[in-house]
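Chemist: In case you want the letters, here they are:
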Amino acid sequence: MFKYEKMLEYPINIKKKDIKMAKNLLAQLGGSDGELSASLRYLCQRFTMPDDKGKALLSDIGTEELGHVEMISTMVEQLLRDASIEELKKNNLAGWYVSHKKGIFPANQDGVPFTTAYIQSTGDPIVDLQEDMAAEEKARATYENLMDLTDDEDILAPLSFLRQREIVHFNRFKELHDEYKEMLKK
Amino acid sequence: MYYDENNNYFEYNNEINKDYFNVNNSKKYDMYNEINISNPTFNTVTYRNSNLFTPTEGLNKGNMFKNLYDPYKNYIYKVTVRGKREELLLSIQELTFALKDLNLYLDLHPNDKNALETFKNYSEELKRHKEIYNKEYSSLCAFDSNKNYFDWVKSPWPWDNMGGNTYV
Chain A
1 MFKYEKMLEY PINIKKKDIK MAKNLLAQLG GSDGELSASL RYLCQRFTMP DDKGKALLSD
61 IGTEELGHVE MISTMVEQLL RDASIEELKK NNLAGWYVSH KKGIFPANQD GVPFTTAYIQ
121 STGDPIVDLQ EDMAAEEKAR ATYENLMDLT DDEDILAPLS FLRQREIVHF NRFKELHDEY
181 KEMLKK
Chain B
1 MYYDENNNYF EYNNEINKDY FNVNNSKKYD MYNEINISNP TFNTVTYRNS NLFTPTEGLN
61 KGNMFKNLYD PYKNYIYKVT VRGKREELLL SIQELTFALK DLNLYLDLHP NDKNALETFK
121 NYSEELKRHK EIYNKEYSSL CAFDSNKNYF DWVKSPWPWD NMGGNTYV
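Protein chains in written order, with this note's numbering: chain A, 1 to 186; chain B, 1 to 168.
Everything labelled a hint here was simulated from the structure, so no lab data went into it. Don't be surprised by glycine CBs; every beta carbon is placed ideally from N, CA and C. Fair warning: there could be bad hints in the mix.
If you want a taste of the chain B side facing chain A, the calculated C-beta under 10 Å gives, among others [said to hold, decoys possible]:
#1 Tyr75
#2 Gly83
#3 Tyr105
#4 His109
#5 Ser139
#6 Trp159
#7 Gly163
#8 Gly164
#9 Asn165
#10 Thr166
No more than 16 Å apart at the CA atoms, straight line, and that leaves these computed lysine to aspartate or glutamate pairs for EDC-like [claimed, not checked]:
#11 B:Lys84 to B:Glu131
#12 B:Lys154 to A:Glu5
#13 A:Lys6 to B:Asp151
#14 B:Lys73 to A:Asp148
#15 A:Lys6 to B:Asp70
#16 A:Lys53 to A:Glu179
#17 A:Lys6 to B:Asp160
Start from the sequences, fold in the hints, and give me the full structure.
Modeler: Structure, rendered in C-alpha cells:
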C-alpha cells in the first residue's frame, strides 16, 4: 500500500508567474519521458523482477517518481496561479482553459494527453531495465532543456534536483541490469 | 549562510533558535555544520574512494553519493526558510531525502553494514524530528494525527505557498 506524506521531496516556492514555463514543464508531467510515465513504468515492471533486489529497487524508485509528479504539478500550479485569461490566450493555453481551467492534468507541453503507450512492461527484466535506463537519460536531457529556458532560481533549483535524481536512478538501474546480465549468463 | 563546494547556498533566518532541537537531551542533528558521516570502510566495493554528502548538502544537490554527483552548468541555488516551522520541515525533508537515497543503495547492497548504520542513525533522527513537528504543528501522515482535533485536514498542502510567502 502507499502512505501519503504531506510534504514535497524538495521544497518549492515559486513567487513569479510564468505561463510559458508552466506549459514547458508539462513535458515532465504528462509527456512521454515524464515523471508519471516513469512511475507507472517501474510500478508495473516490478512484479516480474527476478529477485528481491529488483522488486525493491523498482518499488522504491517508482514511489519516488510519484513524489516527482507531485513536484512538477506543484510547480505548474504555482506558475499558473496568477495568470489571467488574456495571458493564457496569449500563450496558446485557451484550449487548456476550455477543458481544465487552470487545473492540473497529465498532458504534455503541446496538450497531448498522457497515454500508457509511452511505457512498456515486457516481463523480461533485461529489456525492462534497458528501457528504464533510457527513460532516465531522456528525462535528464529534458530537464537540461527546461533549465536552459529559464533563469528563475525558484524554478531552476527544483529542476536541478529532479535532474540529479535521474542520474542516480540511471546508475542504480544500470547496476541492477549489469548484475542480472551476469546472473542470467550462468 | 551556508555554502557548499559548488557555491550552492542555503540561507537561514537569524532569529531561529539553534538549540530548538535539543529536546529531551536527544542527540542533536546539526544542520548548520558539516557532519562527517563518511567512514573509511563505507561503500567498500562500489564506493571505495568516496563517501556521502550530508543530508543538507544531499537535498541541495539531489544526490547523497559524491561519486555519482554530476551537476549541470554552474547555477547557484538557495532555499530560504522563514521561521521554526519551515526550518523543522526542511530538516525533515533533508533526512527523508538522505534515507531515500540510502534506501535505493541498500536495495542493491543490503549487506553493507556501514551504509545500514548510517541509515539507522538518520532514521532515528527523522523519527525525533517528526515527533516534534507533529507535537508543535501538525502530522505529516494522516495516521499520526493525535491531537484532540483532526489536524491532518487543517495543515497546509505542499503546493499552497500563500502567494509565494512560504514553503509548506
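Chemist: Holds or violated: are the alpha carbons of A:Lys6 and B:Asp70 at most 16 Å from each other?
Modeler: With Cα atoms ~29 Å apart, A:Lys6 and B:Asp70 exceed 16 Å; violated.
Chemist: Measuring from the C-beta of B:Gly163 to each C-beta in chain A, is the shortest one below 10 Å?
Modeler: holds, 8 Å
Chemist: Do the numbers back the hint for B:Trp159, that is, is its least Cβ distance to chain A under 10 Å?
Modeler: Hint on B:Trp159: holds, closest Cβ of chain A at ~4 Å, below 10 Å.
Chemist: Against the 16 Å threshold, does the CA-CA distance of B:Lys154 and A:Glu5 hold or violate the hint?
Modeler: Given pair B:Lys154, A:Glu5 holds - Cα atoms ~14 Å apart, limit 16 Å.
Chemist: Is the interface hint for B:Asn165 satisfied, with its Cβ closer than 10 Å to some Cβ of chain A?
Modeler: holds, 8 Å
Chemist: Regarding the pair A:Lys6 and B:Asp160, is the alpha-carbon distance no greater than 16 Å?
Modeler: Measuring from Cα to Cα gives roughly 11 Å; hence the hint holds.
Chemist: Once the shortest beta carbon distance from B:Ser139 to chain A is found, is it less than 10 Å?
Modeler: holds, 8 Å
Chemist: Could you grab the alpha-carbon distance between B:Lys84 and B:Glu131 and see if it respects the 16 Å cut-off?
Modeler: holds, 15 Å
Chemist: Mind checking the CB of B:Gly83 against every CB in chain A and telling me if the closest is under 10 Å?
Modeler: Nearest chain A Cβ about 13 Å off; hint violated.
Chemist: Double-check B:Tyr105 for me: the hint is only fine if its C-beta lies closer than 10 Å to a C-beta in chain A.
Modeler: holds, 8 Å
Chemist: Could you grab the alpha-carbon distance between A:Lys6 and B:Asp151 and see if it respects the 16 Å cut-off?
Modeler: holds, 12 Å
Chemist: Using 10 Å as the Cβ threshold, decide whether B:Thr166 counts as touching chain A.
Modeler: holds, 7 Å
Checked against the numbered hints listed earlier, the structure breaks hints 2, 15; every other hint is satisfied.
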